[in-house]
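Residue numbers (our numbering), protein chains in the order written: chain A, 7 to 257; chain B, 2 to 406.
Since the hints were made in silico from the structure, they are not lab data. Incorrect hints may have been included.
[What the hints assert, rightly or not] Here are the simulated SDA-like pairs of lysine to any residue, each with C-alpha atoms no more than 25 angstroms apart in a straight line:
#1 A/126 x B/334
#2 B/234 x B/145
#3 A/126 x B/405
#4 B/204 x B/174
#5 A/126 x B/263
#6 A/126 x B/11
#7 A/126 x B/333
#8 A/126 x B/269
#9 B/204 x B/121
#10 A/126 x B/395
#11 A/126 x B/234
#12 B/234 x B/405
#13 A/126 x B/319
#14 A/126 x B/6
#15 A/126 x B/265
#16 A/33 x B/402
#17 A/126 x B/318
#18 B/204 x B/359
#19 A/126 x B/305
#20 A/126 x B/316
#21 A/33 x B/400
#22 B/162 x B/200
#23 B/234 x B/269
#24 A/126 x B/2
#25 A/33 x B/405
#26 A/33 x B/200
#27 A/33 x B/401
#28 A/33 x A/9
#29 A/126 x B/145
#30 A/126 x B/204
#31 B/204 x B/284
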Amino acid sequence: MDDTISLLRVEALTKTYGERVVTHVLKGIDLEIRSGELCALTGPSGSGKTTLLNLMGLLDRPTSGRILLRGQDTTPLDDASRTRLRARSLGFVFQFHHLLTAFTAAENVLLPLLSLHGNKEPWMRERALTLLAEVGLSDRADYRVTDLSGGQQQRVAVARSLVMDPPLVLADEPTGNLDTQAGEQVLRLMRSFNERRGTAFLIVTHDESVADLCHRVVHMVDGRVDSDTRNGVEGWEQDGGTSVQTHEPLS
Amino acid sequence: MPFELFVALRYLREGRLQTWLILAGIGVGVGVIIFLSALINGLQQSLIDRTLGSQAQVVVRPPEEMPRILPRADSALVSSVVQRPPQRVRSIVEWQRVMSLLRRTPGVVAVAPTVAGPAMAVRGPGSTAVTIRGVDIDSYESIVDLRGRLVAGTFDLAGFKAVVGTELARELGVGVGGRIRIQAAGDRGGVYTVPGIFDLGSKDLNQRWIFVSLRGAQTMFDLDGGVSTLEVKGDQVFQAEELAGRIRDRTGLDAESWMARNGDLLVGLRSQSQSSVMIQVFVILAVALGIASVLAVSVVQKSREIGILKATGTRTGSVTRIFLLQGAVLGAVGSLVGIAIGTTLALFFANLARNPDGSPTFPVDLNLWLFGRSVAVALTVGLLAAILPARRAARMDPATVIRNG
Ligand SMILES: Nc1ncnc2c1ncn2[C@@H]1O[C@H](COP(=O)(O)OP(=O)(O)O)[C@@H](O)[C@H]1O
Ligand SMILES: [Mg+2]
Numbered sequence: 007m008d009d010t011i012s013l014l015r016v017e018a019l020t021k022t023y024g025e026r027v028v029t030h031v032l033k034g035i036d037l038e039i040r041s042g043e044l045c046a047l048t049g050p051s052g053s054g055k056t057t058l059l060n061l062m063g064l065l066d067r068p069t070s071g072r073i074l075l076r077g078q079d080t081t082p083l084d085d086a087s088r089t090r091l092r093a094r095s096l097g098f099v100f101q102f103h104h105l106l107t108a109f110t111a112a113e114n115v116l117l118p119l120l121s122l123h124g125n126k127e128p129w130m131r132e133r134a135l136t137l138l139a140e141v142g143l144s145d146r147a148d149y150r151v152t153d154l155s156g157g158q159q160q161r162v163a164v165a166r167s168l169v170m171d172p173p174l175v176l177a178d179e180p181t182g183n184l185d186t187q188a189g190e191q192v193l194r195l196m197r198s199f200n201e202r203r204g205t206a207f208l209i210v211t212h213d214e215s216v217a218d219l220c221h222r223v224v225h226m227v228d229g230r231v232d233s234d235t236r237n238g239v240e241g242w243e244q245d246g247g248t249s250v251q252t253h254e255p256l257s
Numbered sequence: 002m003p004f005e006l007f008v009a010l011r012y013l014r015e016g017r018l019q020t021w022l023i024l025a026g027i028g029v030g031v032g033v034i035i036f037l038s039a040l041i042n043g044l045q046q047s048l049i050d051r052t053l054g055s056q057a058q059v060v061v062r063p064p065e066e067m068p069r070i071l072p073r074a075d076s077a078l079v080s081s082v083v084q085r086p087p088q089r090v091r092s093i094v095e096w097q098r099v100m101s102l103l104r105r106t107p108g109v110v111a112v113a114p115t116v117a118g119p120a121m122a123v124r125g126p127g128s129t130a131v132t133i134r135g136v137d138i139d140s141y142e143s144i145v146d147l148r149g150r151l152v153a154g155t156f157d158l159a160g161f162k163a164v165v166g167t168e169l170a171r172e173l174g175v176g177v178g179g180r181i182r183i184q185a186a187g188d189r190g191g192v193y194t195v196p197g198i199f200d201l202g203s204k205d206l207n208q209r210w211i212f213v214s215l216r217g218a219q220t221m222f223d224l225d226g227g228v229s230t231l232e233v234k235g236d237q238v239f240q241a242e243e244l245a246g247r248i249r250d251r252t253g254l255d256a257e258s259w260m261a262r263n264g265d266l267l268v269g270l271r272s273q274s275q276s277s278v279m280i281q282v283f284v285i286l287a288v289a290l291g292i293a294s295v296l297a298v299s300v301v302q303k304s305r306e307i308g309i310l311k312a313t314g315t316r317t318g319s320v321t322r323i324f325l326l327q328g329a330v331l332g333a334v335g336s337l338v339g340i341a342i343g344t345t346l347a348l349f350f351a352n353l354a355r356n357p358d359g360s361p362t363f364p365v366d367l368n369l370w371l372f373g374r375s376v377a378v379a380l381t382v383g384l385l386a387a388i389l390p391a392r393r394a395a396r397m398d399p400a401t402v403i404r405n406g
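Just chain B, same shape as in the assembly (with noise of 0.2 angstroms):
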């Protein structure tokens, strides 16, 4: 064992109840960063989870047609009211096309074509408005897991199939393997079976959506083979914002991030995520001042001791490598200390209240990561906490210390 390490470890030993009363400092503070991360953490994951399992990254649309005025050879002001044309659902140019170069974009996953439009969704006589969804299934997975939300039957859309959420079903009555009629703008439409029932999360959702083939719904809103929109999945849900600013620049399309979408909740989000960083930053402070102290403390007790290793040819840079070690030591085990309180605590929050469907109400997100990371800045924590102490017994002048004991 190397010299500086020795003597470190046995002045930590020595200090016995400085060391404990340190350590148990070192991991509350270390225990609530590592709660308080993955409650965030599970959190906001599960809020985005939960926002993502049901819409994509980007969604790409045609551009928004608006009239516009021609100006006038005479330049003469004109006041206009411009007003915005009748709402229909129209079409991606080209939109194969348009698919393959967003394949080809950098940082996109994958790409779905689908229609969305509106209509009626009617049974007896229960009617209600319903948003369409025509997707093609295979690709549309790859966008947003359906096959996962289903709670009842399957996701089987060949011909006239309409899968339904809870909410419709329950509002229409009708159950797996039950017929709604649609009707669509134009008196397009039909009766349409009912092979599945889907949740995805949102009471909304459950009540608007209706997912049928994309080519049943090319066939209600009169698109003959176009698509409304392109659905990106793109390799980072944060990047999102970014990858639909690539998009427009190279489609020249509409196209929308998650992000866009859901401002309030990234607002959330962020607030949330400063407010604990702030929390963390307090915390880590306290932490590093506790160390601070009791090795400031333990130089001064140490200091004729200091003066002995000294008279007796250690160097300088030992006696500060000494001290900078029971500095990272400290940081190290109190941060393990920190882990295991963190972890119960996290846990047991997590046990506390369940969610009806069996989830935890406060998810929280515990990983390697985190641990290593809360390992890294309490090590480094301690270190820097260590470095005035340290340098402090590196000045002891061994002759005055000595002398004076």
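Okay, chain A solo, but in the shape it has when bound (with noise of 0.2 angstroms):
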């Protein structure tokens, strides 16, 4: 029996840029990301992962096509109404320039909090300080984000992340810019907690041995879903889910 829920549905999704000269990335996507996936996102550079990831994210908007937040439809919704849902049900970590450089390791953490709530309250210090702790920087917690390393930045990230404690996180190429040691630690802190909280990830990158630790790697050429396949990592059988869905490849 799958007891999992749909956390992100994206169906015959096309984005395309510019009005005199028309680009087609996006050319019709379905896909569905379940609750407690930890699934990678691959394809050569161009071939619309980052906008693909943007329109999950409730960052951009679809050129047609729907966008289905726990079974809602996103896509009649205004930019406060999705700001909200986004703020409540997806964490984000991004390539560069991940962190508020004016603030804290702890800041950064909290700040999507503060955001939300209003006031700064001693709970979400706390909360901060616990998550970081389970990214080991603990001792790092005062420091300005700009005297961390750039792996340390990058588990800060994944703290802030994970601070509204969301089903899903979002993460565009986040070992793009960190050396192999780096890019793995931050790897497996999130299937960690992938695998303690069962947040789900969806996490884009170009990198086969990111791939292999995931359940899931869905290859993308060309704005197109080129294959979807599952490593057989056990409790992953799924009874002919939408969201198993294996293409041939283009020729």
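With the hints as a guide, bring the two chains together.
This is the structure:
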């Protein structure tokens, strides 16, 4: 029996840029992320991964198609509702410029809480410190983030993405800017959060070893889902859910 | 601390040099405004004090007597020259009734009956034309602070006493306790003792005016208990013209305000105020542009971070407020700097030069109202200047700025 629920689902999603010179970046994507998944999104540069992630993260609007967040169609919503929905349901980890440089590590982690609740309260810092401990940065909580290494910064970003306890975290090449060792550390962190808390992750990467750590690998080519495969991880057989769509490679 | 203020303050702190420079800029601007206002207000106040230190806000007199020509029945045109009758001191009809009417007029604080008329002051071989001012010292004191203007002796007018000004005393060579003869028309007058000497701050008045008792002046000018003028103090110095108008309407008498009497002074004060306002407007404009440009640069510098804030759930309204608050904080803190600069400058200036009597040549008027107004203006200007940058920040599209850095 499948006791997972649909967190995020896109249907016939397209995105085009430009008015005179039209670029079709996404050409009809169907994809579903279910609770607890650890999913890699791979594909060559320019295939539309970031575009797809921004759409799924409600940061951008699709040209056509639907984006359903926990079953709710988000396409007709206004910006304010989408922001509210994003704050509660989604965490983000970006490739570059992940953090706010004027703030300490702990402040970066608690800012999403602060912006939601409006006023600073002691429990927010407690929660931030707990998360920083979980990413191994207890001793760096009050450092300005500019004084941290790239790997440490990215771990702070992972802690921040989890502070609202979202069911799904979207990560765009979180290891792309890190050396192999630091990248691996960040990835293992995500995986351990996935295992302990059941947080689902969608991780954009073109690093094969990253993909190997995930349960599921969605491969994009030229604005389309080219393949959607599951690694043989236990407990991951699914009975014909719409999320499993295996495409023939385009020749 | 609210989220928006927390972020706003942190951004300002992070902007170090930029923040210090714009604070200094606002400080200098507000300082100039405060200094200028303090100086001009102080100068104007002292000019007005000086003017009203020796004259009433409104002076009420009997209406001008002009002979009129009765129209002739055949309506033929008549060419004629109308001449004023010979001057004599005239009294206000039923002045006690008029005075109580005036006291009931809204805006009137005090009324004093006085008699004014021309005479000669003589001592030994010296003689000079003077204006006799017959006053009841107790009621007149609520109009002009005569006792405060005394430089020697007392202001005692009972009997044949005449208080003279410093210039006249010098001219006639008379001191406290000395005697002078006063001669009015019709050979009236007598010998008066000088109990005190005043200084009204005007050489002319110090030379011309002699204060005697109301009764003494009434006898001197043959007024038989009448008074020639009623002097009025209103509750607001700059409403004197309106008050004079009301008095004219109510009494049918001739009422003249200090503003009408000192037209030139008023025109001078007005144009001084206007140029001061102009300067202030331009300074405020410069301050506003400074704040706006600093924030506009900051929005561009922070566009990536604004995108991240939005992506992690910060509402558009919050982003707007973060930048509006930065403008307001810059304005408020800058105006405090400006108060310090302006006050220092003003006090320095006030101590720079002094009159012979020890009062500053450039009196400055620093008051809480001026400070409060400066803070309010700077805060408002900061907020307004931040509107465009804040809107720009709010419009920033997170997907674009995150992608493009
Ligand atoms: N704002 C935009 N305007 C025009 N083209 C864009 C814009 N954003 C992305 N693209 C184009 O869309 C394509 C896919 O980009 P992207 O989603 O960043 O790919 P990936 O993340 O897989 O490398 C690229 O060819 C890129 O040039
Ligand atoms: Mg990309």
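Structure-based check of each hint:
Taking the CA atoms of residue 126 of chain A and residue 334 of chain B, the gap is about 23 angstroms. The hint holds against a cut of 25 angstroms. Taking the CA atoms of residue 234 of chain B and residue 145 of chain B, the gap is near 9 angstroms; set against the 25 angstroms cutoff, the hint holds. With a CA separation close to 31 angstroms, the supplied pair residue 126 of chain A and residue 405 of chain B exceeds the 25 angstroms bound. For the suggested pair residue 204 of chain B and residue 174 of chain B, the alpha carbons sit about 16 angstroms apart, so the restraint of at most 25 angstroms is met.
Distance restraint check for residue 126 of chain A and residue 263 of chain B: the Cα-Cα separation of roughly 62 angstroms exceeds the 25 angstroms cut-off, and the hinted pair is therefore not satisfied. The hinted pair formed by residue 126 of chain A and residue 11 of chain B meets the criterion: a straight-line CA distance of about 14 angstroms does not exceed 25 angstroms. Between the alpha carbons of residue 126 of chain A and residue 333 of chain B the distance comes to roughly 23 angstroms, so the proposed pair stays at or under 25 angstroms and holds. For the hint pairing residue 126 of chain A with residue 269 of chain B, the CA-to-CA distance comes to about 56 angstroms; that exceeds 25 angstroms, so the pair is violated.
With a CA separation close to 18 angstroms, the supplied pair residue 204 of chain B and residue 121 of chain B stays within the 25 angstroms bound. With a CA separation close to 23 angstroms, the supplied pair residue 126 of chain A and residue 395 of chain B stays within the 25 angstroms bound. Between residue 126 of chain A and residue 234 of chain B the alpha-carbon distance is near 59 angstroms, which puts this suggested pair outside the 25 angstroms criterion. With a CA separation close to 73 angstroms, the supplied pair residue 234 of chain B and residue 405 of chain B exceeds the 25 angstroms bound.
Under the criterion of a C-alpha separation no larger than 25 angstroms, the hint pairing residue 126 of chain A with residue 319 of chain B is consistent with the structure, at around 15 angstroms. Taken as a hint, the residue 126 of chain A and residue 6 of chain B pair is honoured in the structure, with Cα atoms around 11 angstroms apart against an allowance of 25 angstroms. With a CA separation close to 62 angstroms, the supplied pair residue 126 of chain A and residue 265 of chain B exceeds the 25 angstroms bound. Annotation: proposed proximity of residue 33 of chain A to residue 402 of chain B holds, straight-line Cα distance about 23 angstroms (limit 25 angstroms).
Proposed proximity of residue 126 of chain A and residue 318 of chain B is supported: the alpha carbons are some 18 angstroms apart, at most 25 angstroms. Taking the CA atoms of residue 204 of chain B and residue 359 of chain B, the gap is near 18 angstroms; set against the 25 angstroms cutoff, the hint holds. A C-alpha spacing of about 24 angstroms is found between residue 126 of chain A and residue 305 of chain B, which places the hinted pair at or below 25 angstroms, so the restraint holds. For the proposed pair residue 126 of chain A and residue 316 of chain B, the alpha carbon gap of about 17 angstroms is at most 25 angstroms, so the pair holds.
Restraint check for residue 33 of chain A and residue 400 of chain B: the C-alpha separation of about 19 angstroms stays at or below 25 angstroms, so the hint holds. Our distance criterion of 25 angstroms between C-alpha atoms is met by residue 162 of chain B and residue 200 of chain B, whose separation comes to about 17 angstroms. As the CA atoms of residue 234 of chain B and residue 269 of chain B are separated by approximately 23 angstroms, the hinted pair is consistent with the 25 angstroms bound. Proximity of residue 126 of chain A to residue 2 of chain B is assessed by CA-CA distance (about 6 angstroms); at most 25 angstroms being required, the pair is judged to hold.
Under the criterion of a C-alpha separation no larger than 25 angstroms, the hint pairing residue 33 of chain A with residue 405 of chain B is consistent with the structure, at around 22 angstroms. Under the criterion of a C-alpha separation no larger than 25 angstroms, the hint pairing residue 33 of chain A with residue 200 of chain B is inconsistent with the structure, at around 97 angstroms. Distance restraint check for residue 33 of chain A and residue 401 of chain B: the Cα-Cα separation of roughly 20 angstroms lies within the 25 angstroms cut-off, and the hinted pair is therefore satisfied. Simply put, residue 33 of chain A and residue 9 of chain A have alpha-carbon atoms about 31 angstroms apart, too far for the 25 angstroms limit, and the pair is violated.
Between the alpha carbons of residue 126 of chain A and residue 145 of chain B the distance comes to roughly 62 angstroms, so the proposed pair goes past 25 angstroms and is violated. This hinted pair does not check out: residue 126 of chain A and residue 204 of chain B have alpha carbons roughly 69 angstroms apart, beyond 25 angstroms. As the CA atoms of residue 204 of chain B and residue 284 of chain B are separated by approximately 40 angstroms, the hinted pair breaks the 25 angstroms bound.
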